[in-house]
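A.B. asks: Position chain B with the ligands against the provided structure of chain A, taking the given hints into account.
Number of protein chains: 2
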Amino acid sequence: MGSVDTTLPHPFDPLSREEIENTIFAVKKVHGDVYFNVVSLQEPRKAEMTAWLEDPINAPRPKRLADVVVIAPGGKVYDGLVDPATGQILSWEWAEGQQPIITMEELQLVEHIVRKDPKVIEQCKISGIPEEDMHKVYCDPWTIGYDERFGSSVRLQQALMYYRPELDNCQYQYPLDFCPIYDADKQEIIAIDIPKIRRPLSKAPAFDYHPAAIEARGGFRNNLKPINITQPEGVSFKLNGREIEWQNWKFHIGFNYREGIVLNNITFNDQGEVRPIFYRLSLAEMVVPYGNPEHPHQRKHALDQGEYGAGYMTNSLSLGCDCKGSIHYLDAEFPTRVGGVRKIKNAICIHEEDAGILFKHTDFRDDSVIVTRGRKLIIQQIFTAANYEYVVAWTFHQDGTIQPEIKLTGILNTYAMDPEEDTHGWGTQVYTGVNAHNHQHLFCLRIDANVDGPNNTVYVTDATAGEAPVGSKENFYGNAFYNKRTKLATTGEAKTDYIAQTSRTWEICNPNKLNPYSKKPVSYKLVSREVPPLMPKEGSLVWKRAAFARHTVHVTKYRDDQLWPAGRHVPQTSGEPSRGLPEWIGDGTESIDNTNVVLWHTFGVTHFPSPEDFPVMPAEPMTLLLRPRNFFARNPVLDVPPSYASTPSQLLAKGQGVYNAADKLSKLAFETPEGVD
Amino acid sequence: MGSVDTTLPHPFDPLSREEIENTIFAVKKVHGDVYFNVVSLQEPRKAEMTAWLEDPINAPRPKRLADVVVIAPGGKVYDGLVDPATGQILSWEWAEGQQPIITMEELQLVEHIVRKDPKVIEQCKISGIPEEDMHKVYCDPWTIGYDERFGSSVRLQQALMYYRPELDNCQYQYPLDFCPIYDADKQEIIAIDIPKIRRPLSKAPAFDYHPAAIEARGGFRNNLKPINITQPEGVSFKLNGREIEWQNWKFHIGFNYREGIVLNNITFNDQGEVRPIFYRLSLAEMVVPYGNPEHPHQRKHALDQGEYGAGYMTNSLSLGCDCKGSIHYLDAEFPTRVGGVRKIKNAICIHEEDAGILFKHTDFRDDSVIVTRGRKLIIQQIFTAANYEYVVAWTFHQDGTIQPEIKLTGILNTYAMDPEEDTHGWGTQVYTGVNAHNHQHLFCLRIDANVDGPNNTVYVTDATAGEAPVGSKENFYGNAFYNKRTKLATTGEAKTDYIAQTSRTWEICNPNKLNPYSKKPVSYKLVSREVPPLMPKEGSLVWKRAAFARHTVHVTKYRDDQLWPAGRHVPQTSGEPSRGLPEWIGDGTESIDNTNVVLWHTFGVTHFPSPEDFPVMPAEPMTLLLRPRNFFARNPVLDVPPSYASTPSQLLAKGQGVYNAADKLSKLAFETPEGVD
Ligand SMILES: [Co+2]
Ligand SMILES: [Co+2]
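Here the protein sequences come in this chain order: A and B.
Just add 444 to the spot in the first sequence (first one is 1) and you have our numbering.
Just add 444 to the spot in the second sequence (first one is 1) and you have our numbering.
Wrong hints could be hidden among the right ones.
Note that the list lumps identical chains together, so a pair holds whenever it fits in one copy or between two copies.
Cut-off 16 Å, straight-line C-alpha distance, at most; resulting in silico cross-link-like pairs (EDC-like, lysine to aspartate or glutamate) [unchecked claim]: (1) Lys520 x Glu537; (2) Lys682 x Glu1115; (3) Lys640 x Glu738; (4) Lys820 x Asp798; (5) Lys669 x Asp1083; (6) Lys957 x Asp714.
I should point out that these hints are in silico values taken from the structure, not numbers from a laboratory.
Quick caveat: nothing in here was measured; it's all calculated off a predicted structure.
Extracted from the complex, chain A is given alone in its bound form (with noise of 0.2 Å):
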């Protein structure tokens, strides 16, 4: 008999340093001094992993693979496949015209390169700002996300333009009001977007957040006491090289430069039956559109996953500040442009939380009671870009409940404005001579379902009236209400958009196996509500590049790769044609009904900047849930030890035989304070 192997990596792992290393000398070897753009594993075949994953033992481990993006002399870019234990290529792909994902190494280069261009120079002197102060100009560089002008065949990113008075400085209340554009392969400006009416340098004296200006404006607040968390008998999830397991929660960590987290092979362990759930999870691309029609704004629509990625930009996190309480973290390692490893330490956080009441009930007639708290298990990494920031939770509930949240915070993008100018709507004054644009943060939640196995089907469910009407007999009171359910058969009838007035929500069922009580096919529901639509019009750039964005929810059937909705290579697309979901979607006649479907979820916010954003905000949360719903044939948290219970036959006993875990350490608010008495 043999066994698993656990030296070696699990197939889900990211690469390792020593992986990354090898694939890079194996390109290197072949293809000389390229720029390295992606080094990433590229995920098992799900066919392979999933009957590896059914039998480690004696199934063919899968092989793990590079996938590799360089940029060759001349702006040539070329996709391989490479096996990092052999160095063997095994694909190697000229990608014409397209243009891959912008590193951070590549951000960090314009801004040196705009401070000594002649033309920006000019620009800033015309700003108010003189040749000697060109030191004091910053740029945030853009992918130019698409400009007919130019095309896509150069590699072009646009320069939004600030100035920094004193190097402390927010810049983003100094924006200049032109727009350079760099060209990546020659290292220059190509060209100036100047706007018809100037807007000259903000004079508004400096309104920082560092604390040095909050002391100045009067210093910080003394009235917050410590709240401490803590676990003295340590945490209560356990792992296993990436792989967790918590409160009958099992699943796999990645972390890859696009996506950032990517939970894989999440099952839930039901009384014994070890249940799959989801074969893999992400936010698969994302899309801030900005509101302001003048040229160039149009081309602020960030395609934030696809065009920096949000592994690349990831934050290390740091103990008792990004995160509080007992905290395991994960590292992340990239490849740099010249073919290094760099390494983002803490990139993933992992912890604990309690989560309140998880279940109470009182009988009103003799206080009989349980009351029971709940917990949460929290996977988050933060990523900054350019100016926001971006917190990523993946909440499990011990209750089967997976909540996605993001907390937008950071600080708005904006633009020059004379003060007395008219914002025409299409954004807000929130300091003097700071215009913040409207815009939207809307994100893509890739589910690849698997819902007691990889044949699913997914229904549109909506809250609706019985249709007998008030008098009639069937509806005598007026009262009747059912929940509509509609299979969603083909990828064209899939393409569905929320509707408030039905509570809509979307089933993923598993036809194959029904409730034992309800009957119903096992399903977890998506509940969603923060789900505006794409505002960008039809036929808008927008539109076109961000077609994920078109619906609420889309339904594919899995394919290995199709992994991101907006396109492999996202920077310069076009979106002509469309690629992406539209790409794989095509007629729409496909079916989608009982087999192995992967739904794409558009959800976030829509952001009316203010006041109380500026200089830097106050986090904006947004979530949504996935739930079990006859899914499990009870509450599956009853085992859960409750802090409190008494029955009525105890209660006739006087108390005998109550349970009683109340938490010691909870004090009264205003007894004495510990080592005082």
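C.D. replies: Showing chain B with the ligands alone in chain A's frame:
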């Protein structure tokens, strides 16, 4: 110069025990032995109260008054107003044909009478329960709601029937199929509703949630390590009587039999300026309509607050169970039926929680960073409405956001079913023989606005694409969008519904005060996404009785005593005409522009039960936000001390001066546990 007498109760304080006793004494003296239904603070007239709040030293102190409801022999109901200090009865009126709130004591009585009633005993026999087992028969008495056969003049309850084979069994798994009707004045069963198709008592084995049942099924999970939450230096809030101060917030915490927690005179200290926001916030009413049209299930549509009272039904909370950490409690006192006073100890809990990241920004150039953690303050109660529990939390954030949150837990209302029976989609079999009917939980949040003063105007705001088409000069790339604001000028116009397509919000503005930067009126915005429409149809019984639930938002002009949108006395209202809001709104022509407005907001969930909810439901949360928009001139939390902050110049100086207040108690998850190394 005068001073404020701090020994007197605050005018918003609930009646003290002494005041309740004095009132009862005064009433008994004149009216003899009556049943006390309500003895509760009549809140001060607003004009008087506002004058006093503005100048407590010189303005007359609003008088303490007791709002009294009694039931005299023969079932005659009287509304009275009593001065508890003098015992003077200021008014006394017969509430002809009206039924006041049902008290817990009234509910308790019914079960005893049901068990002895020969007609009930006979029905139990038909269900399979022998007469000697009548002590195992239980009922949840509900007000009859409205039944046109019986009208409103006789005080009635309907007894939802259950059985417990053993004393500690959860009765909701053994529902009986008939429904006795109880006359509260005669204290007898006057009728029984018997379904045409009988459903015998379930013979399924008991499936309980109490510890003995869990032990019998394998015991509790033992893999949860403690999470300790402590505040060794005490809490960050202060209480002066029932007035709380925390993080610039100040407000009074009231409590009454009806709404439970009432928050009054909510202000925010904005850098020294105390700015009013809301005069009064409460959950003013709710309705839980069930969707099975079969008679008599239409009667299941509890208006729990008006019919039973979120105060009367509130739980006595316990430290380390319902609440964890450093908790302050407030008690509640209510009259008993015969004129005593009962105390609910710990009716309200108050505590702080860590709220994760408040704001963060990293400069990608040099990793200079600020990260600041947030706090929240929670004012919470839990009430038990027969089978269900409602956890109501009023959460205050440091950034000026108020977040009412409700968690639903407890037990589904259940009805008997033949396991082979077709539920027709009106319910779900959640366990053998147990049909849980579809229902909604709709809450009415009453917002008495005071945004920088009493004169406010409400706007709806709708995210709207620019009108110009793609390709036009004004919107060439099609990305234009703005926030369309529509004034709700009259009470008729203000009947508005949520629109998901426009991410609709409501702004309560003060049109007399503009934000210095955005030049928009200061406002608080209602952001609420869990807003199902009332499922019972227009013209239905529920639609008539719970008229507040017809729209997501209603707005009225403030008037004293217009507190409860389904009317003052809710049980047995026919809805013809509808009480409360429709009466106040009338023809809808009244102006609500730039005046003292009250916004009534309906939110909640539509609940299609599933076996996961059985036998007790994991808590299901719902929430909404009241957010300052254009209210503050800037982010109001910049002075919250960060966990960590570094500036570019500090990093250039090799970290000198960096602000580091990271939580020192945070630990790596797999470090050696405390006290072991
Ligand atoms: Co934003
Ligand atoms: Co419910």
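A.B. asks: Hint by hint, which ones does this structure get wrong, listed from lowest number up?
C.D. replies: When the structure is compared with the hints, none of them turns out to be violated.
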